[in-house]
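Read top to bottom, the protein sequences are chains A and B.
Residue numbers for the first sequence follow our numbering, so the first one is 1 and each next one is one higher.
Residue numbers for the second sequence follow our numbering, so the first one is 1 and each next one is one higher.
Keep in mind that the hints were calculated from the coordinates and are not lab data.
It is possible that part of the hints are untrue.
[Stated by the list, open to error] Derived coverage of chain A by chain B (criterion: at least 3 residues anywhere in the stretch with Cβ under 8 angstroms from a Cβ of chain B; other residues may be distant): (1) 76–90; (2) 165–177; (3) 349–360.
Every residue, glycine too, gets a C-beta built ideally from N, C-alpha and C.
Here are the chains, one letter per residue:
2 protein chains.
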Amino acid sequence: MKPNFTLRLRVFNLNCWGIPYLSKHRADRVKRLGDFLNMESFDLALLEEVWSEQDFQDLRQKLLPTYPAAHYFRSGIIGSGLCVFSKHPIQEFTQHVFTLNGYPYMIHHGDWFCGKAVGLLVLHLSGLVLNAYVTHLHAEYNRQKDVYLAHRVAQAWELAQFIHHTSKKADMVLLCGDLNLHPKDLGCRLLKEWTGLCDAYLETRDFKAVSGLYISCKTFKTTTGHDPHSGTPLSDHEALMATLCVRHSPPQHTSSPSHGPAERSALISVLREAWTELDQGMAQALWWATITGYVIGLGLLLLALLCALAVGGGIREVVILLWTPSVGLVLGAGAVYLFHVQEAKGLCRARAELQHVLGRAREAQDLSPESQPALQPGRQEGDRAEEQ
Amino acid sequence: MKPNFTLRLRVFNLNCWGIPYLSKHRADRVKRLGDFLNMESFDLALLEEVWSEQDFQDLRQKLLPTYPAAHYFRSGIIGSGLCVFSKHPIQEFTQHVFTLNGYPYMIHHGDWFCGKAVGLLVLHLSGLVLNAYVTHLHAEYNRQKDVYLAHRVAQAWELAQFIHHTSKKADMVLLCGDLNLHPKDLGCRLLKEWTGLCDAYLETRDFKAVSGLYISCKTFKTTTGHDPHSGTPLSDHEALMATLCVRHSPPQHTSSPSHGPAERSALISVLREAWTELDQGMAQALWWATITGYVIGLGLLLLALLCALAVGGGIREVVILLWTPSVGLVLGAGAVYLFHVQEAKGLCRARAELQHVLGRAREAQDLSPESQPALQPGRQEGDRAEEQ
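In isolation and in its complexed conformation, chain A is listed as follows:
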């Protein structure tokens, strides 16, 4: 790579609000999105909420001359809604479906049926390896009383782990998508602290890259209610457009791995917070499993009673009327019970991974000379309590 090397990368991201039959003016918006992407000719366009595969295929046909490479990430029952169009060949792709993603009985929210996931694309640009990730985390329906918080934190952790473990040889890492997180939210901080990624919106100068490379965000635009070339909006979300500039790093810009005491302290703090959140989620899941366990017991008792009544020649009509609803109760409660057992296992898994990282970060902190005297006392008990 030459010292004066520069790579310009133009990226587009949009949550398309593409729910068949429900999203307003869907066909028209998809058409205009295609026109816009063709006209702007980005390097990479990453889309969320493209729930209809036909919409993807239509876009694909339309964008083929400008974006020869494309992929639709399939998962769950409805799909992940994620897709990508690229001007450059996609070398590799894969995906990871999140273990936890809401509740199947919250049908009106629908997230569980989607199979939310993170998609990975590996691109080779001017001899550099770019790992581009696209994702969509669980929706936030009520910010004040968010029953999905533990699931979203677990998703943010799984996302961070997926990026961490798959990007070790990448020169540049780019994450786009709809995280359903504010910049100061736990999930967002967890993601940034563990992966070392920077928010292009907040920090347009430093971006995750390997030592020897320097990425800056030259331009960062969002739409404001309408697309830039027509009066009507492209979606119920705003589109995001960024121009990233990759340069050979001058010595003062070399990105150092975030292993300083300040970074470690920030990581430890956010890991503790996430640990607590997942722990509470686990308690909640186990509480539901216990409750449904009681309901199953009650249903079985009722069935036994009905059997006794039938054998004893009791009121036949009551037996007939109550038998099937009782069986339904036992089966329904059984399904909910199994779901919450699985939920608890998923949260426990994320908590165990978090805890391991926390333990190692603390070890590193204890070994660093600056913090050794101040942080040792009074920590032993907390450590033990958090051991898996």
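Let chain A serve as the given structure and place chain B on it in line with the hints.
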């Protein structure tokens, strides 16, 4: 690393057959396994079918002095059954739960409830990075008429992709587990061709390592019905013990990436075979979705008929008797329908990933001078037919 550098790695793997209440002499076998592992003091012991977390905790307590690091991989409803004990600190760990893993209504087979997965451990040994993977794929209940073949092939592909994408910076890659595959089976060949891994049992000299390292398998032992120090078996599976030797690679041993025409041709062949298998699995899944779709329609028709009967003052007893079973039929068929839709999506996803790799391998083959004239004609149509 010094030129005369040598690292010896002793590994143990066993499917423990640890089903609570069902597996015979479980407590005794777990106790003897612990004694054996303590006595042998392997570098790494990887276990499958440790279904009871209590068994893991008991082993953990017992093995703590010899294997200070341990992890239990939690997933699904019952669990993944995977765990690991290590003499060396575990730097990082994570896991990937397979998208497809049998059918929930095949309760007697139970695989769906387990949440089968692959676990990853990152260890730093003498300055080298070892990625150790432990997994357990779907059981094979009937080799002649294997209804789970497509799922196992999809799992083998997901496993291969997980290893491929997470091991890019690893110096050594070790995969242990119960693959439920014979060496010549499609899943096994797919795994080996895509990851470049070698079977320690078949090829005890060459093992996956980066250029500059050479791994050989010095000793390879399996138990033969009984554990080596007592007359009674440790499990219904045989244990596997290997001593791997990592050396600085002399020039003639430098493992070259498998990009030669022969390797590419083998990869293309196995990818095509897997593509066909997944395609057939998808057709099967869609057939089941269609059938259950008809059943749902029939159920709804029956419900409408019963409503008409009830309104028209028809035979009341028949309405009462048939109403709840009809609702049950619609709900049950609905659940099976959704399951098979999700199954088809999962298989389609694996097929798309496979196809992309296939496309790139073919491009590379077409560009290589040896094969250009022979392989060009007559291929265009097949390529088009397989496009996603």
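Given coverage of the segment 76–90 of chain A by chain B, checked by CB-CB distance under 8 angstroms (3 or more): holds (count 4)
Are there three or more residues in the segment 165–177 of chain A whose C-beta lies closer than 8 angstroms to some C-beta of chain B? holds (count 4)
Do three or more residues of the segment 349–360 of chain A come closer than 8 angstroms to chain B, measuring C-beta to C-beta? holds (count 6)
Checked against the numbered hints listed earlier, the structure breaks none of them; every hint is satisfied.
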